[in-house]
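From just these sequences and the hints, can you work out the full model?
Chains as they are written, first to last, in this note's numbering: chain A, 1 to 205; chain B, 1 to 205.
Treat the hints with care, as some may be off.
To be verified - The calculated DSS-like cross-link candidates involving lysine-lysine, where the alpha carbons are at most 27 Å apart (straight line), are:
| hint | chain 1 | residue 1 | chain 2 | residue 2 |
| --- | --- | --- | --- | --- |
| 1 | B | Lys38 | B | Lys60 |
| 2 | A | Lys60 | B | Lys60 |
| 3 | A | Lys38 | B | Lys38 |
| 4 | B | Lys97 | A | Lys60 |
| 5 | B | Lys60 | A | Lys38 |
| 6 | A | Lys60 | A | Lys38 |
As the list claims (entries may be wrong) - Partial selection, computed: residues in chain B whose CB lies under 10 Å from chain A:
| hint | residue |
| --- | --- |
| 7 | Arg35 |
| 8 | Pro110 |
| 9 | Arg114 |
| 10 | Tyr117 |
| 11 | Val118 |
| 12 | Ala120 |
| 13 | Ser124 |
| 14 | Glu129 |
| 15 | Val135 |
| 16 | Ile165 |
| 17 | His181 |
| 18 | Ile202 |
Said to hold, decoys possible - So these bits of chain A aren't anywhere near chain B, every CB distance computed over 12 Å:
| hint | residue |
| --- | --- |
| 19 | Pro10 |
| 20 | Ala15 |
| 21 | Glu19 |
| 22 | Arg35 |
| 23 | Gln41 |
| 24 | Ser73 |
| 25 | Arg94 |
| 26 | Asp100 |
| 27 | Thr105 |
| 28 | Arg114 |
| 29 | Asn157 |
| 30 | Thr163 |
| 31 | His181 |
Source of the hints: derived by calculation from the structure; they are not laboratory data.
Source: prediction; values computed, not measured.
Beta carbons: idealized from backbone N, C-alpha and C, even for Gly.
2 protein chains.
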Amino acid sequence: MARTYGGVPPEQRRAERRERLLTAALELFTSTGFRQAKITQLCTRAGVSTRNFYEEFGSKEEVLRTLHDRINSLALTHVSAALEEVRDADAMTRIAKLLDVFVATVTIDPRMPRLNYVEAVGVSPELEEQHQVWVDRWATFIETEARRAAEAGVAPNRDYRLTAIALVGAATGLLREWQAHEPPLPVEDVGAELRALMLAAITRP
Amino acid sequence: MARTYGGVPPEQRRAERRERLLTAALELFTSTGFRQAKITQLCTRAGVSTRNFYEEFGSKEEVLRTLHDRINSLALTHVSAALEEVRDADAMTRIAKLLDVFVATVTIDPRMPRLNYVEAVGVSPELEEQHQVWVDRWATFIETEARRAAEAGVAPNRDYRLTAIALVGAATGLLREWQAHEPPLPVEDVGAELRALMLAAITRP
DNA sequence: TTTGATCGGTAATTGGGATTTTCACAAGAT
DNA sequence: ATCTTGTGAAAATCCCAATTACCGATCAAA
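Printed below as a string of structure tokens:
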């Protein structure tokens, strides 16, 4: 059953095809748009047959969901690692770090915010649910830092849930604008704005 | 050519059909979703034939664009009128008013934020452009109020462009969450959060 | 009341694209 | 050497919904 081909085990060949499909999908979905992207186009770009496509994914949407998850996971990993590095720093330093790393990660490639904040919106109930889950995770992250600030006495002791959600929205909106804006907005301005906004939102009386 | 039917001039009948189509579309697009909504479904619900549909609109997307514009226009009208009423009030009162009226208008019907912030995203280049235009308008609105606050000496004198865009994003994100959240988020909390966030963002040093 | 134009709904038509299947071949395995 | 199985390309099928064409119904004017 499992048979090595060209010295490459089938597992790996599958994985490579999957990877090529995802790479091609990121490009196609963000250039022509998810709606108008055809599966055949996707396969052609990836150098994969439609048959292989259906071996990896059940539908175009499943590809989109995978990418959406990946991008968020990537950002979360980076942010978590960065926060580990400043584990014992004061609350405000940590918050600044959190945002800097997040913005830096997502703006490496304009296609990432485009896919996450434009193409993956309003596609299906499943994707909306996935979006909700991620908003929740990010909001929890922010909430945790806000509490830490409160405990350190540099922020009031209150419920930060809605503030956190609003800040996630602010980041989303700003990045959506960033990827679409002509002429391009300076990345550092976006990062600085978010940092200042978050500090102001948390330390407000 | 133009002939009255049932005592009703053709102009008016057209307008009524158009209105019924828009009403049905708001309902259909926000329940089954824009993507999966079929034109025939829409026509059935509106009590209009497909033929009449194409007499009014060139495509499903055109209906969506019309609704998107309408909802934004409605909110803008309300907000403008409200600001007229407090023309001579201090900057902070005006800002609070702006947000209260905006939130109040858009949350009258959960289908409005659903359509504007979920269904109308990532549909087509034209719609993205329309979105950009509205973000720009709202941001300009906020910017103007911020400048007024700066002139009154209650806020620093700086460039508020990015802050304004971020605040529009915060409102969008919060309302998107509001319309999807289970159990429902209290509207007054959403309004209060936005008001506090905006004040903090503008008065920050 | 007859006539003729306009209207509106239903019923094809069409076209595009997703999914499946076929086929021929290449590359191990025995 | 022969058999088996994984593979890619392309064709065939199928499905569905947008768009159009037709036909009977409707109403106003003569």
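Hints versus structure:
Distance check on the hinted pair: Lys38(B) and Lys60(B) sit about 8 Å apart at the alpha-carbon level, within 27 Å; holds. In summary, the hint linking Lys60(A) to Lys60(B) is supported, as the alpha carbons are separated by about 22 Å, within the 27 Å threshold. Distance check on the hinted pair: Lys38(A) and Lys38(B) sit about 20 Å apart at the alpha-carbon level, within 27 Å; holds. With a C-alpha separation of about 45 Å, the suggested pair Lys97(B) and Lys60(A) falls outside the 27 Å cut-off, and the hint is violated.
For the hint linking Lys60(B) to Lys38(A), the alpha-carbon distance of about 20 Å falls within 27 Å, and the restraint holds. Distance check on the hinted pair: Lys60(A) and Lys38(A) sit about 8 Å apart at the alpha-carbon level, within 27 Å; holds. For the restraint placing Arg35(B) at the interface with chain A, the shortest Cβ-Cβ distance is roughly 7 Å, inside the 10 Å limit, so the hint holds. At a threshold of 10 Å, the smallest CB-CB gap from Pro110(B) to chain A is about 14 Å, leaving the interface hint violated.
Interface restraint check for Arg114(B): the shortest CB-CB distance to chain A comes to about 9 Å, inside 10 Å, so the restraint holds. Evaluation of the Tyr117(B) hint against chain A yields a held restraint, the C-beta minimum of about 8 Å falling below 10 Å. For Val118(B), the suggested interface contact is upheld, since its CB lies about 4 Å from the closest CB of chain A, less than 10 Å. For the restraint placing Ala120(B) at the interface with chain A, the shortest Cβ-Cβ distance is roughly 7 Å, inside the 10 Å limit, so the hint holds.
Interface restraint check for Ser124(B): the shortest CB-CB distance to chain A comes to about 7 Å, inside 10 Å, so the restraint holds. The beta carbon of Glu129(B) is positioned within 10 Å of a beta carbon in chain A (closest approach about 9 Å), and the interface hint is therefore held. With 10 Å as the threshold, the beta carbon of Val135(B) comes within range of chain A, its nearest partner Cβ sitting at about 7 Å, so the hint holds. At a threshold of 10 Å, the smallest CB-CB gap from Ile165(B) to chain A is about 5 Å, leaving the interface hint in force.
Hint on His181(B) holds. Least Cβ distance to chain A is approximately 8 Å, under the 10 Å limit. Because the smallest distance between the Cβ of Ile202(B) and any Cβ of chain A comes to about 9 Å, under 10 Å, the interface hint for this residue holds. Even its closest Cβ contact with chain B, about 36 Å, leaves Pro10(A) beyond 12 Å, as expected for a residue assigned away from the interface. Every CB of chain B is more than 12 Å from the CB of Ala15(A) (nearest about 29 Å), matching its label as outside the interface.
The beta carbon of Glu19(A) is kept farther than 12 Å from every beta carbon of chain B, the shortest such distance being approximately 24 Å. In this structure Arg35(A) is not separated from chain B by more than 12 Å, as the shortest Cβ-Cβ distance comes to only about 7 Å. Here Gln41(A) stays apart from chain B, with its beta-carbon at least about 17 Å from theirs, past the 12 Å limit. For Ser73(A), the condition that its CB be more than 12 Å from all CB atoms of chain B holds, with the nearest at approximately 20 Å.
With a least beta-carbon separation of about 19 Å from chain B, Arg94(A) lies farther than 12 Å from that chain, consistent with its non-interface assignment. No beta-carbon of chain B comes within 12 Å of the beta-carbon of Asp100(A); the shortest separation is about 16 Å. Here Thr105(A) stays apart from chain B, with its beta-carbon at least about 18 Å from theirs, past the 12 Å limit. Residue placement check: Arg114(A) does not keep its beta carbon more than 12 Å from all beta carbons of chain B (closest about 9 Å).
Here Asn157(A) stays apart from chain B, with its beta-carbon at least about 15 Å from theirs, past the 12 Å limit. For Thr163(A), the non-interface assignment is contradicted: its Cβ lies about 6 Å from the closest Cβ of chain B, within the 12 Å cut-off. A Cβ of chain B approaches the Cβ of His181(A) within 12 Å, the least distance being about 8 Å, so the stated non-interface status is violated.
The structure shown violates the earlier hints numbered 4, 8, 22, 28, 30 and 31.
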